[in-house]
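Enquirer: Given next are the chains, with one letter for each unit.
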Amino acid sequence: MSADPEISVKNLNLWFGNFQALKNISIDIPKNAVTALIGPSGCGKSTFIKTLDRMNDLVDNVKFTGEVTYKGRNILDSDTDVVELRKEIGMVFQKPNPFPKSIFDNVAYGPRVHGVRKKTNLNEVVERSLKAAALWDEVKDRLSESALRLSGGQQQRLCIARLLAVEPEVLLMDEPASALDPIATAKIEDLIYDLKKDYTIIIVTHNMQQAARVSSRTAFFLLGECIEYASTIDLFERPEDKRTEDYVTGKFG
Amino acid sequence: MPRTRYVRKLKELRQDVIDMGAITSQSVQDALAALETSNTALAEHVIANDDKIDNFDRKIEAQCMTLLALEQPMAKDLRVIATSLKMITDLERIGDFTVDIAEEIVTMAKPIRIPISASKFNELVADVKSMVADSIETYAQGNVERARTFEARDDRIDFLYKDIVGSMINALAQGKCSTETVSDVASLLYIIRYLERIADHAVNIGNRVCYMEEGERRYLK
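From first to last, the protein sequence lines are chains R and U. Note that numbering that gives the first Met the number 0 gives residue 84 to position 85 of the first sequence, counting from 1, and the numbers run on in steps of one. Note that numbering that gives the first Met the number 0 gives residue 168 to position 169 of the second sequence, counting from 1, and the numbers run on in steps of one.
Treat the hints as calculated values from the structure; they're not laboratory data. Treat the hints with care, as some may be off.
Here are the simulated DSS-like pairs of lysine-lysine, each with C-alpha atoms no more than 27 Å apart in a straight line [to be verified]:
1. U:K85 / R:K250
2. R:K196 / R:K94
3. R:K9 / R:K49
4. R:K250 / U:K58
Based on the sequences and whatever the hints tell you, model everything.
Expert: Pasting the structure below:
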């Protein structure tokens, strides 16, 4: 792995009230690569990526210890500007969640919030982002239509375009294709593959073949612990831990 | 345990590979017994029996492809399937070499005479027979420790092979063979070569078992 990780997580523990959801996680996320997180429901993988853009702050009684170093700073520090952080580390969710606005306004939303007002600048950002999300050709003639009229797969790519419009560096994807059909899934996977040239991507997925296809490193989570973190090929072809082996072969339990 | 049908199909696959290995190994034993006892009928039985090995080859290949296409195997399951798929080619080739040996035996004058010291020849025959039988057993048991000994055993076989061929060529050069026996000596040279190749396939099987069990890739030098 590269000596210079984009995000370095050290001894991360997280509690919701008395329940410890993450236990002593230490992993380095490589830059400009796709890292996949796999594991059964409730193992902590979504909680883990939500820690990386401080989304867990929105949950009551959350408490965490440890370090998440990004750009030389511990983003868990209380003085972190979470709005600025979420501009740099953005999230795509399981279900596409476009705003009930036009396609154009969805993508322009972020830049407007961050102060871009000029129409020509906005046009440029919207086109660039939709192109990067592989959606431009399908929507360029209907930008003023409601985003809610797009198909599920298009909506998900719109959400990715909306994210790219604020020029993040890290993309967190929480099961971005699990609500989509195989064709739309393939488009998202192709997109992920293209995006990794410019972005650091962390993807949570229940689809192990998807993890195997798109990522270069994979972490297996179980009951809040990171059991194994290795190159994707090693993890799927010759996992070291028996629990990883049982999970990836579908013989868990 | 979930995926019971899948687990059952994997078990069936392994059993079929073991069964294919058992009949291939039996063919090797039979061919060499036919050589030792100048038994033409047994040699012909070996030739006829090759269809069974070929049928297993096709059946197991189809099983592997179905498992790969439908079950998306991972980790050790994936390695078991990949190993089985490659190993049946080794077994099928061993089967073909035993047929080649049997065909030579059928054409040779009876009783078959070995024009060199019998002890080295017998040693080569015994080593090849045990290597083949052991390779199937290491697959069945997943015995990596034993599989790792195959290369050293193969070195010994290669040494014997070269030594015996050298002696036979010397015998030919010194005119120790009559014109009637020259073609039988040539047949024996082929048989010895086939035995050496059979041992190489047994080493391949041992190396594949190491990969199947531990993900370690070993290649025949």
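Enquirer: Take the hints in turn and mark each one as holding or not.
Expert: Hints, verified against the model:
1. Our distance criterion of 27 Å between C-alpha atoms is met by K85 (chain U) and K250 (chain R), whose separation comes to about 25 Å.
2. With a C-alpha separation of about 25 Å, the suggested pair K196 (chain R) and K94 (chain R) falls inside the 27 Å cut-off, and the hint holds.
3. Distance restraint check for K9 (chain R) and K49 (chain R): the Cα-Cα separation of roughly 16 Å lies within the 27 Å cut-off, and the hinted pair is therefore satisfied.
4. Restraint check: the Cα-Cα separation between K250 (chain R) and K58 (chain U) comes to about 26 Å, which is no more than 27 Å; the hinted pair holds.
Checked against the numbered hints given earlier, the structure satisfies every one of them.
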